[in-house]
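*Asks:* Heads up: the protein sequence lines correspond to chains A and B, in order. No gaps in the numbering here: position 56 of the first sequence is 56 in the working numbering, and each next residue is one more. No gaps in the numbering here: position 6 of the second sequence is 6 in the working numbering, and each next residue is one more.
Treat the hints with care, as some may be off.
Stated by the list, open to error - DSS-like mimics (lysine-lysine), calculated; alpha carbons at most 27 Å apart, straight line:
id: 1; chain 1: A; residue 1: Lys57; chain 2: B; residue 2: Lys42
id: 2; chain 1: A; residue 1: Lys71; chain 2: A; residue 2: Lys14
id: 3; chain 1: B; residue 1: Lys1; chain 2: A; residue 2: Lys71
id: 4; chain 1: A; residue 1: Lys11; chain 2: A; residue 2: Lys71
id: 5; chain 1: A; residue 1: Lys11; chain 2: B; residue 2: Lys42
id: 6; chain 1: A; residue 1: Lys14; chain 2: B; residue 2: Lys1
These are computed hints drawn from the structure, not numbers from a lab.
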Amino acid sequence: DTGVSQDPRHKITKRGQNVTFRCDPISEHNRLYWYRQTLGQGPEFLTYFQNEAQLEKSRLLSDRFSAERPKGSFSTLEIQRTEQGDSAMYLCASSPTSGGANEQFFGPGTRLTVL
Amino acid sequence: KQEVTQIPAALSVPEGENLVLNCSFTDSAIYNLQWFRQDPGKGLTSLLLIQSSQREQTSGRLNASLDKSSGRSTLYIAASQPGDSATYLCAPDTGTASKLTFGTGTRLQVTL
Numbered sequence: 001d002t003g004v005s006q007d008p009r010h011k012i013t014k015r016g017q018n019v020t021f022r023c024d025p026i027s028e029h030n031r032l033y034w035y036r037q038t039l040g041q042g043p044e045f046l047t048y049f050q051n052e053a054q055l056e057k058s059r060l061l062s063d064r065f066s067a068e069r070p071k072g073s074f075s076t077l078e079i080q081r082t083e084q085g086d087s088a089m090y091l092c093a094s095s096p097t098s099g100g101a102n103e104q105f106f107g108p109g110t111r112l113t114v115l
Numbered sequence: 001k002q003e004v005t006q007i008p009a010a011l012s013v014p015e016g017e018n019l020v021l022n023c024s025f026t027d028s029a030i031y032n033l034q035w036f037r038q039d040p041g042k043g044l045t046s047l048l049l050i051q052s053s054q055r056e057q058t059s060g061r062l063n064a065s066l067d068k069s070s071g072r073s074t075l076y077i078a079a080s081q082p083g084d085s086a087t088y089l090c091a092p093d094t095g096t097a098s099k100l101t102f103g104t105g106t107r108l109q110v111t112l
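Construct the complete structure from the given sequences, taking the supplied hints into account.
*Replies:* The following block contains the structure:
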């Protein structure tokens, strides 16, 4: 399978715990994005990497959230001291850096439930 | 700030009908626009990407058009099938990051 993969697919945690999600992009893709989607809404942009550099972060990404892409390949998204409002689907996408088209391909998502 | 509106919010049609999904966006300074489908509880599947220099893109029974100056895109689905039942999302990309801005989607149900 050469698509975007995410792990875990589901995570249930108690309020106050830390969680970490992993995203493996399509291998030749330089750009990696994180989005968050709540029930009945479209995904919302969280952050973006070009290779290992984190170039943009949304105001939605509070200081409890941190994302890394240490070697320009896979990325992790950590949420510290989770709150019930963090419950959502966390989606990762990747795209190649090429002139013109910047088609983003999404992974299956990680569904987080905070009890 | 880019805002995206999709009309209708929900649509139920009998199998075989042709249908049009509408998308409007407020900031016309976009690079591309993508259409996605999302099945319940799943990730997004890219259907079509239209570059800002294009007016139309086709893939099988799907045809998407883009009128960048008026901030509109439409997705045309020909000869709908029950397997087309899903939520359809449009997303223009803006800025140097080419981040996507999504609407709330159109939930389509195709009945037998």
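*Asks:* Which numbered hints turn out to be false for this structure?
*Replies:* Those not satisfied are hints 2, 3, 6.
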